[in-house]
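Engineer: Residue numbers (our numbering): 61 to 141.
Rather than coming from a laboratory, the hints here were simulated on the basis of the structure. All residues carry an ideal CB built from backbone N, CA and C; glycine is no exception. Hints may contain errors.
Listed next, with one range per pair, are the computed distances between beta-carbon atoms [to be verified]:
| # | residue 1 | residue 2 | range |
| --- | --- | --- | --- |
| 1 | Ala139 | Phe68 | 42 to 52 Å |
| 2 | His81 | Ala139 | 13 to 23 Å |
| 3 | Thr140 | Ala101 | 36 to 46 Å |
| 4 | Arg73 | Ala139 | 43 to 53 Å |
Straight-line alpha carbon distances no greater than 20 Å define the calculated SDA-like cross-link-like pairs of lysine to any residue that follow [as the list claims (entries may be wrong)]:
| # | residue 1 | residue 2 |
| --- | --- | --- |
| 5 | Lys108 | Gly94 |
| 6 | Lys88 | Ala139 |
| 7 | Lys97 | Gln76 |
| 8 | Lys88 | Arg73 |
| 9 | Lys122 | Phe103 |
| 10 | Lys97 | Ala123 |
| 11 | Lys97 | Gly107 |
| 12 | Lys122 | His81 |
| 13 | Lys122 | Gly107 |
| 14 | Lys97 | Gly69 |
| 15 | Lys93 | Gln76 |
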Amino acid sequence: MAKRAENFGRILRGDQAIARHVFRDARKRRLVKGLQKAGWAIFDLAGKRCAFPDDLDEDMRKAVRGGQRRHRQREAATATA
61 MAKRAENFGR ILRGDQAIAR HVFRDARKRR LVKGLQKAGW AIFDLAGKRC
111 AFPDDLDEDM RKAVRGGQRR HRQREAATAT A
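Whenever a hint applies, use it, and build me the whole structure from the sequences.
Structural biologist: Structure (structure tokens):
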């Protein structure tokens with residue numbers, strides 16, 4: 061039981077805390093709902109959006125890699141054209 065309580069100690073609770081972690085700006089809290097709909101690891105717990113920082117870090121890495129991949133594909137297409 062103590063292990064479970066220890067894991068939930070690092071949870072980010074609320075849109076403001078999640079926005080501060082993802083965007084480094086708490087004022088962008090309105091964008092958190094869109095991230096949740098896009099499939100990011102954000103869940104509802106007791107009426108608040110919550111997330112684990114490690115899961116959000118993984119989603120941020122995936123988003124950056126996907127953008128870099130699209131950029132390289134676009135450059136390759138324009139170089140051959």
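Engineer: Does each hint fit the structure? Answer for all of them.
Structural biologist: Quick rundown of the hints versus the structure:
1. Against the hinted window of 42 to 52 Å, the Cβ-Cβ separation of Ala139 and Phe68 comes to about 50 Å, which satisfies the hint.
2. Evaluation of the 13 to 23 Å hint for His81 and Ala139 yields a failure: the beta carbon distance comes to about 37 Å.
3. In this structure, Thr140 and Ala101 meet the distance hint of 36 to 46 Å, their C-beta atoms being roughly 37 Å apart.
4. Judged by the Cβ atoms, the range 43 to 53 Å given for Arg73 and Ala139 holds: they are separated by roughly 47 Å.
5. Simply put, Lys108 and Gly94 have alpha-carbon atoms about 15 Å apart, close enough for the 20 Å limit, and the pair holds.
6. Only pairs whose Cα atoms come within 20 Å are accepted, and Lys88 paired with Ala139 is rejected, the gap being roughly 37 Å.
7. At most 20 Å may separate the alpha-carbon atoms for a hinted pair to count; Lys97 and Gln76 meet this at roughly 17 Å.
8. For the hint linking Lys88 to Arg73, the alpha-carbon distance of about 15 Å falls within 20 Å, and the restraint holds.
9. For the proposed pair Lys122 and Phe103, the alpha carbon gap of about 18 Å is at most 20 Å, so the pair holds.
10. The straight-line distance between the Cα atoms of Lys97 and Ala123 is roughly 14 Å, inside the 20 Å bound, and the hint therefore holds.
11. For the given pair, Lys97 sits about 16 Å from Gly107 by alpha-carbon distance, which is consistent with the 20 Å threshold.
12. About 16 Å separates the Cα atoms of Lys122 and His81, which keeps this hinted pair within 20 Å; it holds.
13. For the proposed pair Lys122 and Gly107, the alpha carbon gap of about 27 Å is over 20 Å, so the pair is violated.
14. For the proposed pair Lys97 and Gly69, the alpha carbon gap of about 25 Å is over 20 Å, so the pair is violated.
15. At roughly 11 Å between alpha-carbon atoms, Lys93 and Gln76 fall within 20 Å of each other, so this suggested pair holds.
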